[in-house]
Amino acid sequence: MSGQWTSPAEIADSFKELGYLADTHITQIVYLADRLEKPILTEGPAGVGKTELAVTLAKATGRRLIRLQCYEGLDEAKALYEWNYHKQLLRLQADEGKAWDDLEGDIFGESFLLTRPLLDAITSQEPVVLLIDEVDRIEIETEALLLEVLDSFQVTIPELGTITASSRPLVVLTSNNTRELSEALKRRCLFLHISYPSVEREREILLARVPELSDSMADRIAKVVRSIRDLKLRKAPSVSESIDWARTLMALGAEDVAAGITDDTLGVLLKYQDDIERVAKELKLAELEAPS
Amino acid sequence: MIRALTAFVEELRAVGVPVSMVEAIDAAQAIEHLDLASRDALKSGLSATLVKQARHLAAFEAAFDVFFGTATPPGEQAAAEFAQQAAAAGGAGGGEGAEELFEAIAAALNAGDEEALRELIRRAVTELSGLQPGRPVGGRYYFYRVMQRLGADRLRLRLLEAVDEDDPLARRIAEEDIAALIEMLETEVRREVVRRLVADRGPEAVARTLRTPLLEDIDLMHATREELANIETAVGPLARKLATRMAQRRRHGRKGRLDVRRTIRRSLQHGGVLLDPSFKPPRKSKPELVLLCDVSGSMATFARFTLQLTFSLAAQFSNVKVFAFVDALDDVTRFFGPGRELGTSLQQLSSEAKIVWQDGHSDYGHALDDFVRDHLSKVTPRSSVLVTGDARSNYREPRVEALAEIAQKARALYWLNPEASRYWNTGDSVMARYAPYCDAVREVRTIRQLERFVEDLILPASPAQRAVALAHG
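In order, the protein sequence lines correspond to chains A and B. Per my numbering, residue 1 is the first one in the first sequence, and the count goes up by one each step. Per my numbering, residue 1 is the first one in the second sequence, and the count goes up by one each step.
In short, the hints are calculated from the structure, not lab data. Here the structure is a predicted model, which means the values were calculated and not measured. Please note that the accuracy of each hint is not assured.
Unchecked claim - Think about it this way: if two alpha-carbon atoms lie no more than 27 Å apart in a straight line, the pair counts; the simulated DSSO-like pairs of lysine-lysine are:
#  : chain 1 : residue 1 : chain 2 : residue 2
1  : A       : K271      : A       : K281
2  : B       : K280      : A       : K235
3  : A       : K59       : A       : K16
4  : B       : K378      : A       : K78
5  : B       : K378      : A       : K232
6  : B       : K321      : A       : K87
7  : A       : K16       : B       : K378
8  : A       : K235      : B       : K354
9  : B       : K378      : B       : K321
10 : A       : K281      : A       : K235
11 : B       : K409      : B       : K241
12 : B       : K354      : B       : K378
13 : B       : K409      : B       : K280
14 : B       : K354      : B       : K409
15 : A       : K78       : B       : K241
16 : A       : K232      : B       : K321
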């Protein structure tokens, strides 16, 4: 069933139509993932479009997106499946007096199973895109839970046996690299590091997302954002934040970026007060200090 | 292709990038689906299958340029290139040729003419590198030679001159544009040099001369500023791991005590059958960490690293106490903590903290005495103490009994020494005298060693057990 696309360029085109400008590195790896039927593990700073990649992938392929948001303490019952105790109990009470063997086979059937995202992705009849978001948040022991799904696209339920995917899902995992993932997990994935885009690509992204922006203005914004990222702030501006910033500047009718950099609009780009102060100081914005 | 791939994988492993058998097979399968005419496609495919850590990407790229760099020109052309090179090497080099190239490259950079630039770089390497076939000299040498003869610094100044901007923001942006251009030029020259060398000596030999240590293998005592900056980004995840290890972790999966109220409440749904017992979540214990950092001159680079580590730890946990010392010790916890920036913390540390008593040479004995006198109450049976330093006390009294006292009160005491262990106990190093009171003394010269320390870290289960272990150790 593999082979949604015939070339990486085709992926770039269909992504572009959906407003996601992927560079050749990204499309190449998406293409490989499709061909080799392997999950993609994306890593990189927050807000460079890791999650967006999965969303776009789902749209481009017309597949349903199933999302598993990871968090500390996520367990089997939340990620894979859970037996529906209440329903089982009701069933037992309703059937009082029946032979035990019948009942046992009955209450451990699929209709008493609550499917969670992973099982959902495996059992789904139509092909899906499975997004496992922020996988670095779960404990290292819980990672093992993902391995069976990731390498053979199957889930083993002791009472039911092994369920294998009828159509292989496209899997995207994202990580913010707050801790190192296990070797076992990484080995099963194609690794895609997404960093901040180059000035040229960021300009294109800005133009695509904020159409009313002029070429020179987009260029200016992209370059100022590059300057700001070089400052090693507590939280460097992400791509989505620079898009928001561009929109803000447009809404305010700013004609030049320098005029647009004020305490008020910087709040769109930066999320800490000391970062804002630092940027104002470093970029030598004299006019900022004058009024106060 | 498969042969080239195996050689490439060998090279990656030699540098220290872990590539498993399965990953090599994946790479081979990926190649079947790639457009081999495109270098970028090959690069993406190989990086996705072979490299699984962002910090290994730089090493991957360097090796990739050697093994799959620009296609080697056919034999005749290569021979012609070498002939030209030999001729150029015989002559004076530099001189007018270099000057003309300089002007041409400056013009091409200004105009953004990539085609012309590539041609000029080829010429520059031919005329300026002094590269001779068969002579075994490291690849980096030729690169620096080209850049130096070309006058790369002058090039930067030349481009800057052309900038005509008064507005500080516009000027800054122009400067960054130029920096990016120069960087691009450097990459291209490096690639070209590598290509010539590979044509002459084969990829394996060239790769050997170009190896640079991975981030985790860089000696922290002698790291450059740039290397340290890169290391700083790698420290975050490690600090987090260290902190969780330091916390008294309960065995995984163990639940807390039965929550009677909730269990009964839940049973109502099932007609009073206690079907679904509920447990109180186990209380999360918070790690208490006490750090004693030697920040004397001999430790300057390492101290910056430990403070960076401290900084990451303090950002996540409130129970981290930091003490810095040279020959006196001061509580510097106030400079760290959430919402701080490393640069300012370090500044404050050097200007405000009272860490120098007499002459600014390390005196472990006096510093430990200070700690016992003023801060011993901050060590509790739940705290882990981490000492970082080379234990070089300038022949002063080491006061081991002070360390013994700290060790006795703490849950565990570890000593991380950034010096190679073969130098311990030579000269003024008194590591051996302190060692009996430490739960572990580790050589930590690289991130890799620190990682291993964190991996191996098992806190003593109880104070009593620990006393026994120390007595026998």
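Hint by hint, which ones does this structure get wrong, listed from lowest number up?
2, 4, 5, 6, 7, 8 and 13
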